[in-house]
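Chemist: Chains as they are written, first to last, in my numbering: chain L, 1 to 330; chain S, 1 to 222.
Any given hint could be a false lead.
Claimed, not checked - Quick list of simulated restraints, FRET-style, between CB atoms:
no.: 1; chain 1: L; residue 1: GLY284; chain 2: S; residue 2: ASN33; range: 53 to 59 Å
no.: 2; chain 1: S; residue 1: LEU119; chain 2: L; residue 2: GLY55; range: 45 to 51 Å
no.: 3; chain 1: S; residue 1: LEU126; chain 2: L; residue 2: LYS311; range: 39 to 45 Å
no.: 4; chain 1: L; residue 1: GLU180; chain 2: S; residue 2: PHE164; range: 21 to 27 Å
no.: 5; chain 1: S; residue 1: VAL44; chain 2: L; residue 2: SER78; range: 48 to 54 Å
no.: 6; chain 1: L; residue 1: SER78; chain 2: S; residue 2: LYS110; range: 16 to 22 Å
no.: 7; chain 1: L; residue 1: ALA307; chain 2: S; residue 2: VAL137; range: 38 to 44 Å
Keep in mind that the hints were calculated from the coordinates and are not lab data.
A virtual CB, placed ideally from N, CA and C, is assigned to each residue, including glycine.
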Amino acid sequence: MNDIGTSAVQSTWLLNVVNVVAILVFVVGSAAFTTWVERRMLGIWQDRYGPNRVGPFGVLQVLADMIKLLWKEDWVPSFADKFVFVVAPTIAMFVVVAAFAVVPVAPGIGVVDLNVGLLFFLAMTSLGVYAVMFGAYASDNKYALLGGLRAAAQMVSYEVFMGLSLMGVVMLTGTFNLREIVHAQEDGWFFIPQFIGMVIFFIAGIAESHRTPFDLPEAEHELTAGFHTEYSGMKFGMFFIGEYVSVLLTAAMMTVLFFGGWLGPTWGFLAYIPPVFWFLLKAGILVLLMILIRGSLPRPRYDQLMAFGWKAMLPLAMVNLLITAVVVLL
Amino acid sequence: MCFHQAVPRDRRSNAINNKELKIGVEMQATAFNILFYFTAAVAVLSSIIMITRYNAVHALLYLIVSSLSMAIIFYLLGAPFAATLEVIIYAGAIMILFVFVVMMLNLGQKAVEQEKLWLQPKVWILPSVLVFALLFVLLGAMQGTGVSQQVNLVSAKQVGITLFGPYLLVVELASFLLLAGLIGAYHIARSPDARAGGTARQHDIDQNVDRVGGNQEQGGQA
């Protein structure tokens, strides 16, 4: 009996390890793949080809880029604060990958089932600001510093209503557990009752991963490359991949919170398709939507960006919260 | 972090076999202890390193590590809600403002020299004595009670009920304090001529001149 018990413990351990490694590899791999998808799709939408030379349809472009980044001189400027300079890209990568730990991909697939999963996600996104700020500070470069200040102000502001927009979902389900939130959507996905919340979360998610139109921290026409001006080689690569992991994270969290996670249609042959397929399909469509937004919207001015956040998004999030509370009470 | 989570789940599934349950719980207790002492050591060490740094940003980095390990300790002691709030509010918001200010001050080598001058060994004598006195008090207090292994899970709901039940007055007072801080910051950040009692109208006109471009764009959209 004892033997069976320990072997059962071992097998769950093994399953956990497989889960962790598989999700980590898949997330980082698909983040790298997304860089190709983005360039290719932007090309198609702008009536050109995009990267199409390396491998079939240019898929191996990612590998070529990676080889290029790895062979570049990993240069740390002599005037930089070396310790902080090295730590910053590590934080950028760590926080987004760590946040993926709470994402419930499908029944049985997912690293950890936390009771405060949603709050853990918010905690990790709020730590993401450090990567940008420390990178900017350590570079000791005017452009980097300006980019870092912008990033800090932008991310701290957009974080406020990112949290508020999710509280509507929490009110409807009464839990912070992401798996339970998915199960609560079996009768209907939350993007209908929480439409305002979804839109606000989507905007805040784009702002948190500082992508166009919220890429003021690295606006190349005025700040060279913003906070990562001084970074090269794989340290730059970590910032770069970190941004794409953050895009995937936003898409995954939207899928979980508003689009029913792994839940799919239950009629006919569609019921036999594994749930993980539905999750990936939904998240993939959202990633494509984010790429389309990048391809079609211009950058606002910086004060417009902040005013939009505090004067439009925050009141809207509050109103959404109020309406949801009234509906839940009645 | 997963060990702690696993406790209730195991209790449910393994209830058939008491022996297994006992072994599982014992294993988890040891793992829990190891995790607790490890995080506590990290917290103490990073706090010590934090106060001995000459460079303000490095000090902040260790302070962040310290508050993160405090969050893990909260989690291990059965308060996951407090743990995440510690990260979101302390590590994720307050410390960011600290870093922001330090970045704006642009402290260079000169500030580091200054810190070196201030933090001479003899400065440490009195604080060390006081800290040791505190340590003895703590040891004395722990002699009697003994640290309980029983983890009492506090959910977010319980925290909410306590905050808006018996402690409602304290919450309201804290919000007063925050509002006062907000108004103070707003007052300081107003432009100087408006603060000097100059006509508010003049100030508005100045602002409009500054933002002519922005207004035109907004007008176009409307």
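Chemist: Take the hints in turn and mark each one as holding or not.
Modeler: Right, here's what the structure says about each hint:
| no. | hint | verdict |
| --- | --- | --- |
| 1 | GLY284(L) to ASN33(S): 53 to 59 Å | 44 Å, violated |
| 2 | LEU119(S) to GLY55(L): 45 to 51 Å | 58 Å, violated |
| 3 | LEU126(S) to LYS311(L): 39 to 45 Å | 51 Å, violated |
| 4 | GLU180(L) to PHE164(S): 21 to 27 Å | 23 Å, holds |
| 5 | VAL44(S) to SER78(L): 48 to 54 Å | 35 Å, violated |
| 6 | SER78(L) to LYS110(S): 16 to 22 Å | 19 Å, holds |
| 7 | ALA307(L) to VAL137(S): 38 to 44 Å | 52 Å, violated |
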